[in-house]
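*Asks:* Quick note, the sequences are listed as chains H and Z, same order.
Start counting the first sequence at 1; every next residue gets the next number (the working numbering).
Start counting the second sequence at 1001; every next residue gets the next number (the working numbering).
A hint or two may mislead.
Quick list of in silico lysine-lysine cross-link-like pairs, PhoX-like style, CA-CA up to 25 Å [claimed, not checked]:
hint: 1; chain 1: H; residue 1: LYS157; chain 2: Z; residue 2: LYS1070
hint: 2; chain 1: H; residue 1: LYS121; chain 2: Z; residue 2: LYS1044
hint: 3; chain 1: Z; residue 1: LYS1046; chain 2: H; residue 2: LYS134
hint: 4; chain 1: Z; residue 1: LYS1070; chain 2: H; residue 2: LYS134
hint: 5; chain 1: H; residue 1: LYS125; chain 2: Z; residue 2: LYS1120
hint: 6; chain 1: H; residue 1: LYS125; chain 2: Z; residue 2: LYS1030
hint: 7; chain 1: H; residue 1: LYS125; chain 2: Z; residue 2: LYS1046
hint: 8; chain 1: Z; residue 1: LYS1030; chain 2: Z; residue 2: LYS1070
hint: 9; chain 1: Z; residue 1: LYS1031; chain 2: Z; residue 2: LYS1046
hint: 10; chain 1: Z; residue 1: LYS1075; chain 2: H; residue 2: LYS121
hint: 11; chain 1: H; residue 1: LYS125; chain 2: H; residue 2: LYS157
Please keep in mind that the hints were generated in silico from the structure rather than gathered at the bench.
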Amino acid sequence: MVGLNDFLFQIFQPYFFYSLVFLSIAFVGVKVFLKLNPFMSRRIQSIIWLIPLFIPVCVLLLFHPQTEIITTPFVPQILVPAGMGVAASAPSFFSFTGLLCISGAAAATTYLLIMMFFGRKIALKRFHVVMMAKEEYGSLQEKVKETAHKLRISEPKVGLIDDLLPNAFTVGYGRNAVIVFSLGLLNMLDLNELTAVASHELAHVKARDYIFKSTTYALTILSFFNPLSYFTASQSQKERELLADQKGAALLDKPALMASVLTKVQAVVQEFPKPNLADRLSSGLFLVSPLAHRPAILATHPQISQRLQNINAIASRPSKKRRYTIAIALLLGILICTALILGYSTMQVQKTVFQKENAALANGQSVFLYNESAPFDPAHPTGIFFANESSLQLFISSLPQGSSYVGCYVDGNGITHTYTSTIPNIVEVSGQSVLVNGHSSFIGNESYPLDPAYPTGNAIINRVYFQVP
Amino acid sequence: MSQYNVEGKQLEAFLGPLEASILQTIWCSKKRPITVREVLEELKKKKQVAYTTIMNTMDRLYEKGLLDRKIEKSKGGAYLYYVYWPKLEEQKFKEDAVRQVLSSLIDNFDELVTSCLVEKAAANGQHLEALKEKIDKTIKEKKQ
Chain H
1 MVGLNDFLFQ
11 IFQPYFFYSL
21 VFLSIAFVGV
31 KVFLKLNPFM
41 SRRIQSIIWL
51 IPLFIPVCVL
61 LLFHPQTEII
71 TTPFVPQILV
81 PAGMGVAASA
91 PSFFSFTGLL
101 CISGAAAATT
111 YLLIMMFFGR
121 KIALKRFHVV
131 MMAKEEYGSL
141 QEKVKETAHK
151 LRISEPKVGL
161 IDDLLPNAFT
171 VGYGRNAVIV
181 FSLGLLNMLD
191 LNELTAVASH
201 ELAHVKARDY
211 IFKSTTYALT
221 ILSFFNPLSY
231 FTASQSQKER
241 ELLADQKGAA
251 LLDKPALMAS
261 VLTKVQAVVQ
271 EFPKPNLADR
281 LSSGLFLVSP
291 LAHRPAILAT
301 HPQISQRLQN
311 INAIASRPSK
321 KRRYTIAIAL
331 LLGILICTAL
341 ILGYSTMQVQ
351 KTVFQKENAA
361 LANGQSVFLY
371 NESAPFDPAH
381 PTGIFFANES
391 SLQLFISSLP
401 QGSSYVGCYV
411 DGNGITHTYT
421 STIPNIVEVS
431 GQSVLVNGHS
441 SFIGNESYPL
451 DPAYPTGNAI
461 INRVYFQVP
Chain Z
1001 MSQYNVEGKQ
1011 LEAFLGPLEA
1021 SILQTIWCSK
1031 KRPITVREVL
1041 EELKKKKQVA
1051 YTTIMNTMDR
1061 LYEKGLLDRK
1071 IEKSKGGAYL
1081 YYVYWPKLEE
1091 QKFKEDAVRQ
1101 VLSSLIDNFD
1111 ELVTSCLVEK
1121 AAANGQHLEA
1131 LKEKIDKTIK
1141 EKKQ
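With the rest of the complex left out, here is chain H (with noise of 0.2 Å):
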């Protein structure tokens, strides 16, 4: 039987916790902040939507998922005599939001690669895509050529589907984009409001929403486990295709052509059943702004009264200068909360990086430590820790005369003993061996009973805490 206490283990693997914790308050945050600035542009809009998204990949920068969790708290071995093994026997519990993490970071790794490399290959053979040959609908083609000469973009590839409703997507970045329509849309539509379609989906190309698309379905992917990063996604790309909306109509010599062409095909889609939950997965994975439409609060396509507002909008919205200074204003406040709670989190991590290095101990490694708070406590070790005795003799040698260091060595029996002594008391140190005054904190080999006034046998630092004045 599962107890709450398993469960509570589940839920504080770290990175899934940070994770979920700090998604779910930057998507209230972007949610809050951009209902208190409307004005700010579809492109802002957009990207600020993806930081909720971005923000467990810093948390996985920081904590790695780990699938063992130990239950018992850290005891230094310092402190435990030999023999006892406490930390040894420390309990530890297989963690299934370790593995949900591990694998969302690799399907989400995969899908990226995949999209970046095979996206447009697969999405061509999966939608049966044919290219066009340069005699087919060349009017069109010609538009599809002008148009992209305006945006500077080089000339797409265009195909067409045989799908008899009307349909049209985008599929590849760059050079290597493909507008595909269906010949639903094409025996549909005039050649005019073919060529709002088209100026719609070579925004996304001018855009790289591909790219953005694929990132933003790769992230959420990464926090497959949160239900927010759906929402995020959808909200993200909803901006993406207002903002294509925006600049297509732009492009047009009649802007609101846009509109009334959303209207027409969106009348026709309508009269037909929605397909099935697999096709809509995988239009959704591979194309960029399909026409096709998905169940509203989930969508990558916002209402069409939503399009409608907002091709008709653009001509009544504060000056641009009014919506850069609030949008700035915003953002860097946005920013330094940011820096603020990750500043705050890093040191939570480094704290925690310190104590699982302070756990090597356990191991029977060698630890050294500086700048214990006073009085030192061995139970409580705080510092800054010393990978390995070199760069301990380092930093030795660049202390302060009349530094005060506390130094410790387990006897024979397994008891603990600490002593005191200062600086300049250091005179000699020599490969492994670090004398202090004659005498080592540890030595091994030592003849028994332990003198550290007189050391004998091959000196060993084991463990040293400094105390600086």
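Put chain Z on the given structure of chain H with help from the hints.
*Replies:* Only chain Z this time, still in chain H's reference frame:
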């Protein structure tokens, strides 16, 4: 069959070259019914040809009554597309076409056609024998 091209070889005597190769492709294909795209993929192995050209030609073949078609739904229901299949198999089509042309010729130039046929058949002894047998058989059947 509304037209007959005396210079065309095989199917091209009755149909345009593209129509003939499309019909031939559909007859040879294991996949029935077939989509325009699948015909295109098959034909592209031999020559460069555009999708819309194939689509329009298959549309014409449908109007001529040589192909039949219906709208199919993809498995997930995400899109709709036309699938085509031949109304007649290759042998049946050829038989019907030849019969149609010949009966039109005979209706218009009765004597001329018969003597022409006999002349053509006479060029090859075997054909003449076969023709004789067929004529005898038909006469017998009529008498009965």
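*Asks:* Taking the hints in turn, state whether each one holds.
*Replies:* Going down the list of hints, with the structure as the test:
| no. | hint | result |
| --- | --- | --- |
| 1 | LYS157/H <-> LYS1070/Z | 30 Å, violated |
| 2 | LYS121/H <-> LYS1044/Z | 19 Å, holds |
| 3 | LYS1046/Z <-> LYS134/H | 19 Å, holds |
| 4 | LYS1070/Z <-> LYS134/H | 29 Å, violated |
| 5 | LYS125/H <-> LYS1120/Z | 54 Å, violated |
| 6 | LYS125/H <-> LYS1030/Z | 21 Å, holds |
| 7 | LYS125/H <-> LYS1046/Z | 21 Å, holds |
| 8 | LYS1030/Z <-> LYS1070/Z | 18 Å, holds |
| 9 | LYS1031/Z <-> LYS1046/Z | 19 Å, holds |
| 10 | LYS1075/Z <-> LYS121/H | 21 Å, holds |
| 11 | LYS125/H <-> LYS157/H | 15 Å, holds |
Hints 1, 4, 5 from the earlier list are contradicted by this structure; the remaining hints agree with it.
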